Amino acid sequence: MSKQVELADFLSDLITKACISILPQKSHFNVDNVRVLKLLGAGVSSSKIVRGMVFRRETEGEVKEAKDCKIAIFSCPIDTLQTETKGTVLLTTADELTQFSKGEESLMEKHMKAIADAGVRVIVSGGKVGELALHYANKLGLMVVRLSSKFDIRRLCQATGAVALPRLTTPSPEELGHVMHVRTDEIADANVVIFEQDAHEGSVVTILVRGSTDNIMDDVERAIDDGVNTFKCLTRSPKLVAGAGATEIELARRLLEFADTLTGLEQYAVREFSRSFEVVVRALAENAGEKATEIIAMLYAKHMSGQTHTGLVTKPGGEVEVNDAVKFNILDLHMVKHWAIRFATDAACTVLRVDQELSRLDLGDCGLFRMAFGWLHRNASSSQGWVMNESFMANEGNRGSRPSDRPSQFTKYTDNLEVDRDDDDTEDLFDDADDPLDPSFLQLLEEADRSESSGPDLYAVLGVEKTATMTELRAAYRRLSLLLHPDRHSKMDSSSEDNPADARRFSGDADSAFNRVSTAYAILSDPSKRRIYDAYGHDGLKIQGWELTSCEKSAPELRLEYLMLRQKAQSEKQLQLTQPASEFSLGLDLTDLFDRYLMESPADRTIAPMPSIYQLYLAQSVTAGLTLRNAVSLAGQVTAHNGLGLGTWMLIWRHYCGKKSFLRYTTIDSEVSYGRGGRGLGIGVRFRRSFQDRYVGFFGMNLSSMLSKSRGLQLILAPGLSTGMNVQLMPRANARLEWRWGLDPGLTSEVIWSSADDKLLARLSASLGAGGRAGIGIRLERVVSWSWLNPPRGSGAATGEDEFYDKSRPDWAKTDDEDLAWTESRKDGKIFGSFHVNTLDLIELSGSLSFSIQRGVSVKLSVLRGNQTYSFPLRLSEQPNKVALGYGFFVPVLVFAAIRSLIYEPYLKRQLQRAQLSRRMRLRGELARQRREAVTTQALMRHAADRSREVEEAVGGLVIVRAVYGCVSADLDWTLADAGGPLNVDVTIPLQALVQDSHLRLPPGHWADVQGFYDPCLGLIKSASSNGVVRELRVLYDFHRVAHEVTVCENQGLAIPMAKHRIEQI
1 MSKQVELADF LSDLITKACI SILPQKSHFN VDNVRVLKLL GAGVSSSKIV
51 RGMVFRRETE GEVKEAKDCK IAIFSCPIDT LQTETKGTVL LTTADELTQF
101 SKGEESLMEK HMKAIADAGV RVIVSGGKVG ELALHYANKL GLMVVRLSSK
151 FDIRRLCQAT GAVALPRLTT PSPEELGHVM HVRTDEIADA NVVIFEQDAH
201 EGSVVTILVR GSTDNIMDDV ERAIDDGVNT FKCLTRSPKL VAGAGATEIE
251 LARRLLEFAD TLTGLEQYAV REFSRSFEVV VRALAENAGE KATEIIAMLY
301 AKHMSGQTHT GLVTKPGGEV EVNDAVKFNI LDLHMVKHWA IRFATDAACT
351 VLRVDQELSR LDLGDCGLFR MAFGWLHRNA SSSQGWVMNE SFMANEGNRG
401 SRPSDRPSQF TKYTDNLEVD RDDDDTEDLF DDADDPLDPS FLQLLEEADR
451 SESSGPDLYA VLGVEKTATM TELRAAYRRL SLLLHPDRHS KMDSSSEDNP
501 ADARRFSGDA DSAFNRVSTA YAILSDPSKR RIYDAYGHDG LKIQGWELTS
551 CEKSAPELRL EYLMLRQKAQ SEKQLQLTQP ASEFSLGLDL TDLFDRYLME
601 SPADRTIAPM PSIYQLYLAQ SVTAGLTLRN AVSLAGQVTA HNGLGLGTWM
651 LIWRHYCGKK SFLRYTTIDS EVSYGRGGRG LGIGVRFRRS FQDRYVGFFG
701 MNLSSMLSKS RGLQLILAPG LSTGMNVQLM PRANARLEWR WGLDPGLTSE
751 VIWSSADDKL LARLSASLGA GGRAGIGIRL ERVVSWSWLN PPRGSGAATG
801 EDEFYDKSRP DWAKTDDEDL AWTESRKDGK IFGSFHVNTL DLIELSGSLS
851 FSIQRGVSVK LSVLRGNQTY SFPLRLSEQP NKVALGYGFF VPVLVFAAIR
901 SLIYEPYLKR QLQRAQLSRR MRLRGELARQ RREAVTTQAL MRHAADRSRE
951 VEEAVGGLVI VRAVYGCVSA DLDWTLADAG GPLNVDVTIP LQALVQDSHL
1001 RLPPGHWADV QGFYDPCLGL IKSASSNGVV RELRVLYDFH RVAHEVTVCE
1051 NQGLAIPMAK HRIEQI
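Read in full-length UniProt numbering, the sequence shown has 310 at position 310, and its numbers run on one by one without any break.
Simulated from the structure, these hints should not be mistaken for lab results.
Errors might be hidden in some of the hints.
[To be verified] Derived lysine-lysine pairs resembling DSBU-like cross-links, with alpha carbons at most 30 Å apart:
1. K337 x K315
2. K17 x K48
3. K150 x K139
4. K466 x K1060
5. K17 x K67
6. K64 x K128
7. K128 x K110
8. K38 x K529
9. K568 x K909
10. K239 x K17
11. K38 x K150
12. K48 x K150
13. K67 x K38
14. K659 x K759
15. K113 x K128
16. K113 x K64
17. K110 x K70
18. K113 x K17
19. K232 x K17
20. K38 x K48
21. K568 x K529
22. K64 x K110
23. K302 x K239
24. K128 x K232
25. K860 x K882
26. K150 x K232
27. K302 x K291
28. K139 x K70
29. K17 x K64
30. K110 x K67
31. K113 x K150
Owing to the predicted nature of the structure, the values given are computational and were not obtained by experimental measurement.
Between the sequences and the hints, there should be enough to build the whole structure, so can you do that?
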């Protein structure tokens, strides 16, 4: 029954008493007559039964109890009535205002007194209760209760015999109900209103469920629902059968005996049917941990000996054995068992019948049906929407034709086989081995569609701005209800009795359109849901997280996608565990060109300039996590500079100390290296620890072996110490200070500051070395949004383009550079500039230009792909050469611009256009479905549009001549189309229907969700569309009988009429 096994006896007795107390004598038992009210507190044993209905709320007035009285139920608010039409009352004096107020008071007093004179003592309202009405209710001694749930009002009407009145009027005797006792009570600190009623047909009983937690009460509520449904089955058929698989085994045994009396194939069929009953016992045995084959054999033996009630019984102690199920009170309902077997048998017969029909089907010699069936199987995802759209258009165009004149569904398939075979050939073009379509572009389009179509824009559905007030929302909902409410269209189309199918379809379309409007209004009218929707969209409203959705892919496709995702996750996990990083650098010396060749006169230029390689650098590092607190890194590098080679090897073990250790929250790096900084074997240890939230301190010790040239190449050991601290000065500013002693002694400091939007970064560094060498450096970085440098749309580099370049080299590589720099006793300065551009996903280009009086001019070009770095340093001149400086700046920029403009962007544009064509062909079915919904919604709005047009033409107001939404071309082509279908939709009817007082306003938003609109540009992005600008609205309209025209984008909004839209007559 539930997880509360120890409460089974108590709950069974409680459910039985509740059901018996309202068991009707003449009609069937209704499970809705047993209500459940959960009240937190006490234990489940404190639950009780209350005859009548119990609501968790307080009365509105001062009257708290009424006995043996009449009750009136209103589904409307009890307040001053609002007029159906708007009007204006002009009050000029204070006496007129007083008389007007007294008129409302006297009217309300008259209503309440008439209700009291009818014998009513209890009033139930489905809406709010006004203060004036509550005042007269207290004065007349009427008890007022407000119920916000329509279901509760409907159940209360059934329990009391009353009729819910839609307006505040005097109820007739037939519309009044009767209640024995209405009172308020306090149960577990909760105020409740109890409607007690005597036993009669349709009476209601409420079970008050108590519990210490919500989970326990939910379990008890489910148990009560199961028990009530079981009681209903018992009232319809009190027969019981043995459970624990006994009934299934007995049926299987008798079917086997019956199969022995048959001959031929029927015998095999009956035998297989009998074996299907063994699945119940097999499941019971597997759940109990027993061997299913042995249990089934033992049950057959028992039943053959006449023990027909024998099944797989679980004893109270948890033991499982083959025993009599009736003896242990394990029983099943006969009706449930009967219908379960009947439904399963009917389903199996249906499947076999379809299979037999397909196997007997004659395909014929011409193979036409085989070809059509194969085409449908290949295009199953897109043909559904196509058939729906074609059948709808056929019905629209042949409403008055005879059925024999209409083409059959099979004719539609066969007539279009050649056309769709051409489409298949077009799709096969994308699989050309010479120039295949990059799947990343298709993924880009799918992500763009997914981000844009995460759900309908509820504000666009209602046609209001995102800052709309409740009054504006209510007005928009009322206006659209007048256009799309199903009741209006059912009355409007009730006269079309000659074609009832079209009338039913028309009414169904009205239901679907109105449901979209009512759903949007229900969400936006709730302040809490509106805040969630504004912040998180439709995903925030899906609080369950496990809703059932339609399956858009087949089982093989889902399995292939799962395997691909699993392989990708494994590769990402392996990459995260190893963290490989590599760097390759090749330096070219071009000084022969700028320092010699260009400086010579043209007559002396006998030898052509020859570039040379002066540097080659290779580095590789791998990190492996041994445990959660230990990791090992192996790194190495080889450098060849001007004919001199230098190699470095390093092993680092990193250990994270736990909070219970002596050095808690401390990171310890132990390293062993060889060849670092031109030295021999070296060992070291480094400690790093955080203090509070702003300070990070570190301390290191190392010992290296090196050759002393002053002592005749003698091997010596050189110790070294380093200590320092990182301090967060401000939320956007950090400082670092480090002091070294022994090896490479000196003092370095650095201050880094970044702006709040991370678009500006400043670095100030200073150093003081041995021998009084000092240096200071200033570095400024700025992120710019130049369209020329931004990555093209579709390159996949949109993410991360606003971040600073932070692909720094490993710590061991930077330390080597610093060591080499300190060994050179130069005193010079340098001015340099750099830029970084994201080109593709995980690929970044960077370039830097440095200018120094002593070192000359050099350029460094780098390509970064993930953790791989490829750099090309170019030394242009050893002197401060202005010509080299100009070439170093302009040549890389011009080469980058040429490659981007002439090669890269055309390639991206072509790939995007091909991806869009492929995606549009796949979305043909979805586009056809959306177009059909838009056409049906426009059909619902046609009458309102015609009335609006007649009124506006009569007064010379706003008349929409033609309006098109979608891809709008500059050559006034209104019928654009591609492989996916039309690229625009005619929206003249919905815009004319939305005209009010010769004005039309469409706020910015996703206009595809406006009633009567849809998105014909699904699968297209703006940069790759060659037909025109996507998702624009072009409107031709007349105002004061003068032609106007306007074309606006959906993020700008539409406001007409305006004087600047007027078409000047030439």
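Quiz item: Which hint numbers does the structure go against, in order from smallest to largest?
Solution: 14, 18, 21 and 24
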